[in-house]
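Trainee: Take the sequences, apply the hints, and build the full model.
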Amino acid sequence: MTDLIQSADAYHLRELIQHDNKIFYVVPRYQREYTWGKNEWEKLLDDVLEDRSAETFLGTIICVNVTRGAAKGSKLELIDGQQRMTTLSLLLSAVWKKLADLGVPRELEDGDWDYEFGNLKRRLITDKQPRVQLQHQNSNNRDYEYLFERLGLLAKGSETQPKNWGNRRIAKAFKFFNSYLDDILATLETHEDKLRELFNILDSILDSVIVQIEVGSYEAAFVLFESLNNRGVPLSAIDLIKNNLLALATQEESGFKGNDQKPVTVEAAYAQWQRILNLLGDNPANQERFLRYYWNAFEPVKASDGTRNFATKSNLIRLYESYLKNGVRPFLENLEIGAEAYSAALGEPSELISQKATTAMKRLQRAQGAPGNVLLLYLIVNKDTLDLTDEELLTIVNQLTAFFVRRNITGRPSTSDLQRMFRDIVRQISGAARETRISEIVGDRLLKVSADDLLFREALSGPIYTDNADMTRFILASLAEANMTNESFSDLWARTSQQKRPYAWSIEHIFPQGDNIPESWVAMMGGAEQAQRALENHVHKLGNLTLTANNSSLGNRSFEAKKNHKNSSGHYIGFRNGLSINAPLVAIDQWDANRIIERTEMLVDDLVRMYSLESIAGAAGRP
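Numbering (the working numbering), first residue to last: 69 to 691.
These are computed hints drawn from the structure, not numbers from a lab. C-beta: ideal position from N, C-alpha, C; glycine also. One thing to keep in mind: the hints can contain errors.
[To be verified] Distance ranges between label pairs, derived from CB positions:
#	residue 1	residue 2	range
1	V279	K330	39 to 45 Å
2	N377	T504	24 to 30 Å
3	A572	A353	21 to 27 Å
4	E597	R100	30 to 36 Å
5	I665	D455	47 to 53 Å
Mentor: Put into structure tokens, the structure is as follows:
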């Protein structure tokens, strides 16, 4: 494959987008539009900012050099890496805005701050053009350029704000990063402290490492892309730790003199390692996540100075290399116990916890509560030592679920704070008197950082579907499940074999979300103008959403048709499907913006009660 590649080098991001070069990263026309969402944005922030003392590897990009005349700068077409490069530019633009808003005075002792601020603009814009140039599908590039015009990075174009600009990914990504920086700055008092923090964040982003592979033709790019994604998968942290483990097992076995406990053979070590992976599942990301969570729950090794290391993606291999020095046998035995507990925390059937707790833990994972697994790992492994009853463990899982629903809907507290917070809770529990109720320790700590009702209501009342579709599905399912009986039970999480529709039950927009509004809906909404306003302002709000089976068959049908639609077997799959959240829809004949507003308010009230601060506290009457 080496003959396909013209160059392959690791660069810091600051080298790829130097202020004094004219290199443009261009997304080809055939590429999909920008699609990353909240999960990917949070993961990028977690990667880049979790451990600022270490360089972060952000993967590989593949480029074809399509430069035609060096005077106008070099153009590299992004065959792979457009989502990552676009997101990094949006994050940097949010940093630039905060610096611009604060003002970077020239007279500060840090004389290079003003210089770096000016350079940041030139990293984003060169020769009066965006450094990263998106394809034009669905106003994608125009949205991006309009953002830069709003920020003052680009001269204003002839067009006004693109229609529905705020509801698309480019605007939402910038808003997310801007809000993230707002949260950080709100904790700092002085102007200089805020500037220093922003420049530290900027340095962490620019110090991230990317491997840029350049090829000479599209044919070579596609061959390389296919190879990297299907055959040449780089070694993961799991692979490297396994290799170190087996190497050490080989050393112990070959050096055995018969005086101490017989070492674990290489074959036995490999078999036990496979048992651990079987407990964790096939997903490498989940396996790696377990290693981080396990370390942060138990911190098996202390540094020589007595301090403890916090596991991040960047230092994971180093930490486990030090852990392996204690020997293969304790390493594998402890890790297998942890993997059994982690599997239970994911909601897999286990003898370690009750069936009720298993069901509750599966629900917590559906609520995107994975960061809480640090705490659950510790509690499940030490359940007997802590005298933790099944009832109290169930209470704690429900506390975590309520906390994460509010957290994932509002974004408060920030992702970067969660792992350290749960590790601190573990430490507090380990040092507490045995008569102390663990649920009270957990509740008190979660309450201190939980979003208040005002913020929770505000987030629930907005375009929740576009903000977080997965959490939207969870809360709709929660509302429907709350009134189910054994007789009326429907498994709202039943899976299908379809990749595009993984669940048998899915989110249905009552008033259709497409740009081409059907005539029946135009009439019901009171005319074209009212229908367009409803589309722009209300279509993705909670009140316009519900759950139906096989919703691809409902599409743009009229309100009446959606109510009464049946499948080929004669079963109702529209709003008459038996779910309690759909019963009020069956009883009415009209649907308009006022109905959406009214239903949104009603469902928000239900959710604020269901996931109340009292439920996070874990005990009735606690503040």
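Trainee: Hints first: check each against the structure and report whether it holds.
Mentor: To see whether the hints hold, each was checked on the structure:
Separation of V279 from K330 is about 44 Å and conforms to the stated range, judged on CB atoms against 39 to 45 Å. Checking the proposed 24 to 30 Å range against N377 and T504 shows it holds: the Cβ atoms sit about 28 Å from each other. Between A572 and A353, the C-beta spacing of about 25 Å keeps the proposed range 21 to 27 Å intact. Restraint check, E597 to R100: a C-beta distance of roughly 33 Å satisfies the suggested window 30 to 36 Å.
At roughly 50 Å, the beta carbons of I665 and D455 sit within the given window of 47 to 53 Å.
In this structure, every one of the numbered hints holds.
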